[in-house]
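> Residue 193 in our numbering sits at position 151 of the sequence shown, with consecutive numbering throughout.
Treat the hints with care, as some may be off.
[As the list claims (entries may be wrong)] FRET-style restraints, in silico, Cβ to Cβ: (1) 197 <-> 115: 45 to 51 Å; (2) 105 <-> 182: 17 to 23 Å; (3) 235 <-> 157: 50 to 56 Å; (4) 222 <-> 194: 48 to 54 Å; (5) 154 <-> 101: 41 to 47 Å; (6) 115 <-> 225: 44 to 50 Å; (7) 155 <-> 119: 36 to 42 Å; (8) 76 <-> 225: 46 to 52 Å; (9) 95 <-> 157: 43 to 49 Å; (10) 137 <-> 73: 32 to 38 Å; (11) 145 <-> 176: 35 to 41 Å.
Because the hints were derived from the structure by calculation, they are not lab data. The beta carbon of each residue, even a glycine, is placed where N, CA and C say it ideally should be.
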Amino acid sequence: MQLKRVAQSRVSRSSWARMLQWIGARELSVLVVLFALLASLWGFVELADEVLEGGTGKFDRTILLAMRDSTDRSDPIGPGWVEEMGRDFTALGGVAVLSLVTLGIVGYLLLDGKRRVALVVLVATAGAFAASSLLKQVFDRPRPDLVPHMAIVYTTSFPSGHSMLAASTYLTLGALLARVQRRRRIKAYLLLVAVLITLLVGVSRVYLGVHWPTDVLAGWTAGAGWALGCWLLARWLQRHGQVEDSNTPTQD
């Protein structure tokens with residue numbers, strides 16, 4: 043019995059040592075991501091608390107009405123082509139578009155021999171969708187009623203599913219693409235494009251009147267947190283040989 047306890051203690055210390063070694067080898071990047079992950083979770087919890095207490099009403103109404111004609115709330119600001127662009131941008135966060143993007147990337151990774159990386163991408167998108175649906179049921183916040191909706195909606199409002207799915211999917215894909223690039227400017231470019239698409243999707247949801255601004259903020263924070271968590275998981279699995287290295291060449 044004593045020998046068993048000693049063996050378990052050594053295994054435990056060994057596991058902690060490997061984890062600390064992994065963190066130490068990538069101290070800056072891992073710590074930054076951990077901090078960002080915790081900040082995302084904290085931001086979502088704070089937003090959810092304020093929404094439940096009704097403390098965001100004035101902010102939500104002010105931003106939402108600022109995107110409408112002051113004399114006609116049914117008319118978003120800007121010409122008709124801006125409204126059409128809003129619908130195009132919002133489609134980038136829709137389930138149909140994201141499913142096609144995800145399946146296309148997963149298919150490419152499978153053909154390239156990166157089966158486990160493909161699984162990470164699939165989990166990032168499918169998991170975010172499941173989490174978003176669950177959160178909507180938990181909070182059950184009504185959609186905005188100040189202005190007419192410029193898009194069809196069939197779920198509750200908090201958090202914004204489009205914003206959360208866009209953040210989790212595009213940020214995850216941007217991070218994976220950036221990892222296979224050597225030049226920092228290209229890495230930064232890919233991540234900036236992912237962030238830009240995420241921002242455009244969220245803003246378009248408010249512009250079309252189908253979400254309160256705090257719904258979008260909550261979707262962004264939750265989606266970013268999910269993407270960061272998937273990134274950490276992928277790095278940890280790769281370190282232990284459970285996920286293929288993106289830089290490893292494959293053969294047909």
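> Hints broken by the structure, by number, lowest first?
Numbers 1, 3, 4, 7, 8 and 11, in rising order.
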